[in-house]
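Colleague: If you want the building blocks of each chain, they are given just below.
Protein chains: 2
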Amino acid sequence: MVLGYSLHPMSIFTADEIAYLKSQPLGRLATVGPDGQPHVMPVGFRFNAEEDSIDIGGRAGFAKRKKFRDVLHNPQVAFVVDDVPSVNPWTVRGIEIRGRAEVLETGGSILGPGFDPEMFRIKARRIVTWGLDGKPYQQHARSVP
Amino acid sequence: MVLGYSLHPMSIFTADEIAYLKSQPLGRLATVGPDGQPHVMPVGFRFNAEEDSIDIGGRAGFAKRKKFRDVLHNPQVAFVVDDVPSVNPWTVRGIEIRGRAEVLETGGSILGPGFDPEMFRIKARRIVTWGLDGKPYQQHARSVP
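One line per chain: the protein sequences are A and B, in this order.
Quick note: my numbering has the first sequence finishing at residue 1212, numbered continuously throughout.
Quick note: my numbering has the second sequence finishing at residue 1212, numbered continuously throughout.
Same chains, same names: a pair is fine if it fits in one copy or spans any two.
Straight-line Cα separation of at most 27 Å, DSSO-like style, residue types lysine-lysine; simulated pairs:
hint: 1; residue 1: 1202; residue 2: 1133
hint: 2; residue 1: 1202; residue 2: 1131
hint: 3; residue 1: 1133; residue 2: 1190
Note that these hints are calculated values from the structure, not bench results.
Note that the coordinates shown come from a computational prediction; the quantities given were computed from them, not determined experimentally.
Pulled out of the complex, with its shape left as it was, chain A reads as follows (with noise of 0.2 Å):
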């Protein structure tokens, strides 16, 4: 008998969140910066499965740009992905991980030729999802443990 068993059973992410995370191009993050003021940018992604994280990086200088300065001052991220499976009906769908991004100076090559090495490495504390089930205006939102 296997109690609690799913397809991702160390993953703090349900499998059907996983494959949409891995079906989606681009996301969005939201970074703060020192003064309170708001940043956000489409960003490419990887869900890291050995990690359970959002690992996210850039080419060409990521280690200058407004997000990385940002996460160095406050590490407090959001990130969003969604998309607009039908325009008729309307239909969205996407979810939302707020929680904290570790700069990692080396290892952002893993996210592709080019990559610069620094990245960031996004863990979870709270999820919200939509229309992930098919009922695009039920959000379903939980704390990581």
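Dock chain B against the given chain A, drawing on the hints supplied.
Modeller: Just chain B, lined up with the frame of chain A:
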């Protein structure tokens, strides 16, 4: 002789930026909670030519949403509209608007049928664009006087 003529002489946005904002159905709005934790969600929006603002509201309880509570505490927001006009070759474009959201207690009905009275009116203080001029990897940033 007309100096400084443009199609939108009273706007802080260029004609290209306004056309782009009008062409896109969704943006992503970042707010910041009292603890410095950002929050980001997809939202519909309207470019308001009269106010030179980005107007954002919602249905069925906008004033109860986290973003609304966040803005009451910290009016600083960031809003990004972006898309991928071509996957091959990979081509991106977009605009990020950082600024302050004014909370209006009434007026949301201008956004469409069924919208709650409460709404945000975002005035830009900093504008970053990429790809709107066909050069996707070149960012242009400016502060609004």
